[in-house]
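Make the full structure from the sequences, and use the hints.
Position 100 of the sequence shown, counting from 1, maps to 100 under my numbering, and the rest follow consecutively.
Check before you lean on any hint, since a few could be wrong.
Pairwise CB distance ranges, derived in the manner of DEER restraints [stated by the list, open to error]:
#, residue 1, residue 2, range
1, GLN96, GLU147, 25 to 31 Å
2, PHE43, LEU193, 37 to 43 Å
3, LYS296, PHE43, 46 to 52 Å
4, THR71, GLN206, 39 to 45 Å
5, ASP126, ILE66, 34 to 40 Å
6, LEU193, ASN141, 40 to 46 Å
7, GLU174, THR71, 39 to 45 Å
8, ASN44, ILE66, 52 to 58 Å
9, GLY95, ARG67, 25 to 31 Å
10, GLU174, THR254, 25 to 31 Å
11, ILE66, HIS93, 26 to 32 Å
12, ARG299, ASN44, 39 to 45 Å
13, PRO213, PRO83, 20 to 26 Å
14, GLU174, SER104, 40 to 46 Å
With a cut-off of at most 30 Å between alpha-carbon atoms, the simulated DSSO-like pairs for lysine-lysine come out as follows [unchecked claim]:
#, residue 1, residue 2
15, LYS262, LYS296
16, LYS291, LYS262
17, LYS306, LYS262
What the hints contain is simulated information worked out from the structure, not anything from laboratory work. No experiment lies behind these values; they were computed from the predicted model shown. Don't be surprised by glycine CBs; every beta carbon is placed ideally from N, CA and C.
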Amino acid sequence: MLFIENLEEIIFQRHELFLTDELIVLSGYVGPKPIQRLQFLPFNSKVIYGMYGSERIQRPLHNSLIRLQNTIENINIFYSNLPVHSKCYAWRHKGQIVHALVGSANFSTNGLSTPYREILAEISRDTFNPLNDYIARVLNNSVSCLEIGADEILDIIATPTDTCFLTLLGSDGEVQNAAGLNWGQNPSNHTTLNDSYIKIRIQDIQQFPELFPPKQLNPLRFDERGRMHRHNDAIEIIWDDGTNMEGLLFGNQTIDGIVYPKQVSSFPHASEMGIYLRGRIGVPLEQPVRKHHLIKYGRTDIAVSKIGEGVYKFDFSL
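What follows is the structure, encoded as structure tokens:
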């Protein structure tokens with residue numbers, strides 16, 4: 001059987017079909033949010049970050065995984081010293097595979113959320129033993145995330161070539177009254193008062209196309225003219241203080257005939273970002289944010305960089 005959508009739900013519900021006591025996740029790249037969700041499964045899980053062997057790991061992502069390892073009892077996170085780009089999800093019982101999915105979907109919000117972009121497929125029983133041997137070989141060449149030394153972690157140094165500074169101000173140099181950080185302040189919007197987003201300008205995309213990729217067509221949704229809608233890309237955001245949240249690149253703007261996202265916010269609730277930023281700035285909940293609040297805080301932009309597939313660092317530090 002082949003799966004092309006709802007991949008995250010398939011992974012987290014698959015155990016209901018088989019007698020299993022362990023899940024093994026081998027993924028080229030990983031994100032914190034799906035790993036965090038493993039705590040709700042009724043058995044232990046092992047997660048192996050495959051591409052550590054060739055790419056190492058950025059400090060913000062490593063710190064997030066360490067926090068998860070130290071707070072969730074039924075997971076063990078490993079980094080593979082062998083460069084492994086495979087994506088395998090194996091359910092085992094007493095050490096033997098009873099079901100497995102392989103394909104292109106990384107164990108991250110971005111990898112599991114966009115229909116038709118990635119696939120997972122069941123493997124046949126005659127492949128269980130070879131796959132188990134493969135997983136054992138990778139595990140034997142992996143180390144716990146707790147055993148990584150400081151010199152093996154990559155620090156992010158903001159440079160003009162890989163860090164985009166998204167402004168929190170409008171084109172007039174002020175915080176917008178009913179958009180941006182104050183999106184929820186518009187009484188005509190179907191929003192809550194704390195809802196916020198950060199605008200992605202045309203020049204941001206032109207200068208950093210790898211941070212804000214074009215939007216893909218959604219073959220399951222059409223507008224009133226019969227044209228296909230475009231997917232909003234789900235991402236994971238790790239803030240400079242270690243706060244994790246799921247995000248969404250949404251809205252449309254066309255550049256040279258290609259459709260790109262126009263905003264980024266938290267998901268599924270845009271208020272999560274608004275509440276978080278109001279807390280950082282020192283603005284009471286449900287109250288509008290003004291430029292003088294940002295000036296008093298110390299900055300009017302957020303430094304955005306990519307630290308993994310679909311995983312971003314948002315730096316609002318002083």
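Hints, one by one, checked against the model:
1. Take GLN96 and GLU147: their Cβ atoms lie about 27 Å apart, and the range 25 to 31 Å holds.
2. Evaluation of the 37 to 43 Å hint for PHE43 and LEU193 yields a pass: the beta carbon distance comes to about 42 Å.
3. The hint said 46 to 52 Å for the Cβ distance between LYS296 and PHE43, and at roughly 50 Å that hint holds.
4. THR71 and GLN206 have their C-beta atoms about 41 Å apart, which keeps the hinted 39 to 45 Å range intact.
5. For the pair ASP126 and ILE66, the supplied restraint of 34 to 40 Å holds, since their beta-carbon distance comes to about 39 Å.
6. Taking the beta carbon of each, LEU193 and ASN141 are about 52 Å apart, not inside 40 to 46 Å as hinted.
7. Between GLU174 and THR71 the C-beta distance comes to about 41 Å, which sits within the given range of 39 to 45 Å.
8. Checking the proposed 52 to 58 Å range against ASN44 and ILE66 shows it is violated: the Cβ atoms sit about 18 Å from each other.
9. The supplied range of 25 to 31 Å is met by GLY95 and ARG67, whose beta-carbon atoms lie about 29 Å from each other.
10. Between GLU174 and THR254, the C-beta spacing of about 26 Å keeps the proposed range 25 to 31 Å intact.
11. Checked against the hint of 26 to 32 Å, the C-beta distance between ILE66 and HIS93 comes to roughly 30 Å, which is consistent with it.
12. Between ARG299 and ASN44, the C-beta spacing of about 43 Å keeps the proposed range 39 to 45 Å intact.
13. In this structure the hint that PRO213 and PRO83 lie 20 to 26 Å apart at CB holds, the actual value being about 24 Å.
14. At roughly 44 Å, the beta-carbon separation of GLU174 and SER104 lies within the given 40 to 46 Å, and the hint holds.
15. Note on LYS262 and LYS296: the hinted pairing holds, with a Cα-Cα distance of about 27 Å set against a maximum of 30 Å.
16. Our distance criterion of 30 Å between C-alpha atoms is met by LYS291 and LYS262, whose separation comes to about 22 Å.
17. In summary, the hint linking LYS306 to LYS262 is supported, as the alpha carbons are separated by about 17 Å, within the 30 Å threshold.
Checked against the numbered hints given earlier, this structure breaks hints 6 and 8; the rest are met.
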